[in-house]
Amino acid sequence: MLNIFIKRLLLAIPVLLAVASLTFFLIKLAPGGPFDADKAVSPQVLKNLNEAYNLDASEWEQYIDYMSGILQGDFGPSFRFPGRSVSEMIATGLPVTFELAFYAILIALLIGVSSGVLAALKRNTYLDFIPMAIAMIGICVPTFLMGPLLVLIFGINLEILPVSGWGQLPGDKILPSITLGFAYAAYIARLSRGGMLEVLNQDFIRTARAKGLTERNVVIKHAMQGGLIPVVSFLGPAIAGLLAGSFVVETIFQIPGLGRFYVEAAFNRDYTMILGTTIFFSAMIVFFNLLSDLAAMWLNPRSRDIS
Amino acid sequence: MKYYIFFTLLVLVGCSSSVTPVDDGLENQIFHFGNGSEPQGIDPHIVTGVPEHHILISLCEGLTIPNPFGEENLPGAAESWELSDDGKVYIFNLRKNATWSNGDPVTAEDFVWSWQRILTASLGSQYPDMLYYLEGAQEYHTGLTDDFTSVGVKAVDDYTLEVTLKDPTPFFTGLLSHYSTWPVHKETVLKYGSIDDRNGEWTRPGNFVCNGAFNLKSWELNNKIVVEKNPMYWDASKVKLNEIHYYPVSNVMTEDRMFRAGQLHVTSTLPSQKCPVYLEENNPDLRIDPYMGTYFYRLNTTNPYLKDIKVRKALAYSIDRKLLVEKVTKCGQIPAYSFTPPGSNGYQPTTSIPFDPDLAKQLLSEAGFNAENEFPKLEILFNTNEDHRKIALAIQQMWQQNLGIEVELVNQDWKVYLSREMVGDFQVSRAGWIGDYEDPNTFLDLMRPNRGNNKTGWEDQTYDLLMAKANSTNDQTKRYQLLDEAEKILIENMPIIPLYTYVRSYQLSPDVKGYNPHILDHHHPKFIYLERD
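From first to last, the protein sequence lines are chains C and L.
Residue numbers are given in the numbering used here: position 49 of the first sequence equals residue 49, and the series is strictly consecutive.
Heads up, the numbering used here is the position in the second sequence plus 1000, with the first residue counted as 1.
Since the hints were derived computationally from the structure, they do not count as laboratory data.
Careful, some of the hints might be misleading.
Partial list, derived from the structure: chain L residues whose beta carbon lies under 8 Å from chain C [claimed, not checked]:
| hint | residue |
| --- | --- |
| 1 | G1200 |
| 2 | E1201 |
| 3 | A1261 |
| 4 | L1418 |
Label-pair distances were calculated between CB atoms; the ranges are [as the list claims (entries may be wrong)]:
| hint | chain 1 | residue 1 | chain 2 | residue 2 | range |
| --- | --- | --- | --- | --- | --- |
| 5 | C | L127 | L | E1379 | 56 to 62 Å |
| 6 | L | T1269 | C | A18 | 37 to 43 Å |
| 7 | C | N3 | L | N1207 | 47 to 53 Å |
| 8 | L | E1379 | C | N3 | 56 to 62 Å |
| 9 | L | R1204 | C | C140 | 41 to 47 Å |
| 10 | C | A283 | L | S1194 | 34 to 40 Å |
| 11 | L | R1204 | C | Y126 | 55 to 61 Å |
| 12 | L | P1517 | C | L149 | 32 to 38 Å |
| 13 | C | F25 | L | G1424 | 25 to 31 Å |
| 14 | C | N54 | L | K1469 | 55 to 61 Å |
| 15 | L | E1372 | C | F267 | 41 to 47 Å |
| 16 | C | G73 | L | V1423 | 33 to 39 Å |
| 17 | L | R1204 | C | L127 | 55 to 61 Å |
This structure is a prediction, so every number in the text was calculated from the model and none was measured.
Positions of the beta carbon are idealized from the N, C-alpha and C atoms, including for glycine.
The task is simple: from the sequences and hints, build the whole structure.
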């Protein structure tokens, strides 16, 4: 397994280099520049700004300059926020985004796995239909609707939770975590139900029951290990998606995470910020996919033996 | 299961707090301020936006400060000033008791160095033209000279600043309340970089030194900026607020919810769809203040069809502005019949733009377009935004109905829209302009030839001459007459179609006192305090 891990990790390097290079040239193709503003700057000022940020050099010179910078861990200065480096901004937003993603995935797993397993065990009863119907709603209702709805109910009508913020008022982390977690809980519920149903019909489960194991032991020790493999495989892309896609929730709840920097950088043509966050999120996606593949392999006795 | 739900609810209720930030703010004089978006920074010579202004006005002080009662600017770092008879030389007498937040005295030399900094080309400041009214400033900035002593600003002594202007500029003291003219602390800036360093860390909490009523206490990116009362401020005894918390809430709906939940005292704006609702409900927190801004359409006069004045007039005369503000924008906007908002520092333009579909049709026909020779399809370019789309839809309908012109709406991402406008790749484009200072010049100067923000391709020598003449006279009445003449030429030629005058619509807690309407939306925090009736 260590071999696979190292091999996949090494493979990630050309992937990330390709992402960085492609992004570098693609963003330059987008019309408009970082210093275009409603109040147009004079050609003289534009020239000074381009000089200040090395944008007057040729594309290749800029590319080589940038790539040698990132190899030394320097993602350059932000164009939009003078005096701030991209690395500093990523370091500021990342812990918040991670924390939000952690709570969300925790909620998603708690709700998703328990309702999925329950639905599989009580197949074709109301304990199956109701959670699965709710899961379907969770999949269909986008976070930009779910968030404001929860805020309206718990923040404005019931006045029991703050409507925005992160770590400023007591309880302000609850609604964003639920909003972000709920959509993923729905997916996880459906995946766990499907996985469990498949496993519960297999011979080794019948054998376990025939041997006289309690139902709890059968489910927890035998069925869940195999039944939750689809969930584990889903977790890698899900965590990466949670990190990169938390923008909507961060905006609704005014959370100072990385997602907002990422999207706003694209609107502002903040070249270095777009590049820095893209490379960073790509690395996250590669890493979490690798982690979930390894976890799924470890859970599956057949592939564990092969490795 | 029942216990689980019960405990969850208990935890939720336990988390709730009956004291909102607004209540707490009242007790501790902490002002919670919705500030739109994350500020670019707080270096007054580098930043360009409105959220930056809101923060900087509490941290630094220029020679003058905005008057909360909307009249002439009040003395700021300068306690008085004299103007020479020809209106070109100002002598500013600085306050002897004004200090920087580290205790150093604020001197005339500080202003000279600060103005040298903003005029240093390699700093890449986007507002150097605010000082182009000074003798030799443009020459220094554009590199025609590298001798700063040739620029019209000098320290006569520690507390006397002499400013020499190219022409009499009656709005000069108004201009001084713009942050680009404010001073920075030389030793602090140089401690963290050179005079032209854009990325110096002198603006960080702990490093930042300025001369305003508040000090920078903390800055959490995309979360909150906190400023606290500066005990070294020369007028500290008048400052009642202890802290101001600025929240960069870019989502207007989130901001609205934060206000309703008692997390903000004031919002930066209002969701446009909520304005008519709040108006109907007589919401006591709704504020609609006059604002020095014009919403207009630019016409590309280099376009083969739009280069004909008759076509441009036909387009303008077929728009019912009254209907537009009553049925589309619905938030107290005022129909615009001039480019400069009426009443800008006493200036009343006498122009008019009729809504006359028959005349419009006749003009179009005189331009050679009729049933046989139809006017080709016209494109309205706007940046992606629901409010702009609604307005464009209404105009599309009016032009279709009144002139029979087919109109296509083209929305683009903000930067693509700006770039298309800049290279002239448009026919009709939506635009807005907010005054930088309280004078018609901030609008009319825009349409002079070779101005980067003209963007219409329209040039008129008479207009330019009138503008130049107006800005070289010291007689305000005569000046306004000349500006009005220029404005008439502009409206007669119609390279732009004014649609409405902006208003500032936002929500304000009744606890906030001293937050008076201001045409430029400048509110000096030393006049603001919190008190419940």
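- Task: For the range 56 to 62 Å, tell me whether the beta carbons of L/E1379 and C/N3 fit it or not.
- Result: This hint holds: roughly 60 Å between Cβ atoms.
- Task: Evaluate the given range 41 to 47 Å for the C-beta pair formed by L/R1204 and C/C140.
- Result: Given range 41 to 47 Å: holds, Cβ gap about 46 Å.
- Query: Is it true that L/P1517 and C/L149 lie within 32 to 38 Å of each other by Cβ?
  - Reply: holds (35 Å)
- Message: Tell me if the beta carbons of C/L127 and L/E1379 are separated by a distance inside 56 to 62 Å.
- Response: holds (58 Å)
- Item | 55 to 61 Å as the expected CB spacing between L/K1469 and C/N54, which holds or is violated | violated (44 Å)
- Taking 55 to 61 Å as the hint, is the beta-carbon distance of L/R1204 and C/Y126 inside that range? holds (59 Å)
- Interface hint status, L/G1200 versus chain C (Cβ within 8 Å): Where the cut-off is 8 Å and the nearest Cβ of chain C is about 7 Å from L/G1200, the hint holds.
- Verdict for C/G73, L/V1423 (Cβ pair) under range 33 to 39 Å: holds (38 Å)
- Could you see if the CB distance from C/A283 to L/S1194 stays within 34 to 40 Å? holds (35 Å)
- Against chain C, is L/A1261 within 8 Å by beta-carbon distance? holds (4 Å)
- Task: Using the Cβ atoms, figure out if L/R1204 sits within 55 to 61 Å of C/L127.
- Result: holds (56 Å)
- Message: A range of 41 to 47 Å was offered for this pair. Does it hold for the Cβ distance of L/E1372 and C/F267?
- Response: 46 Å Cβ-Cβ, so the 41 to 47 Å window holds.
Violated hint: 14 only; the structure is consistent with all others.
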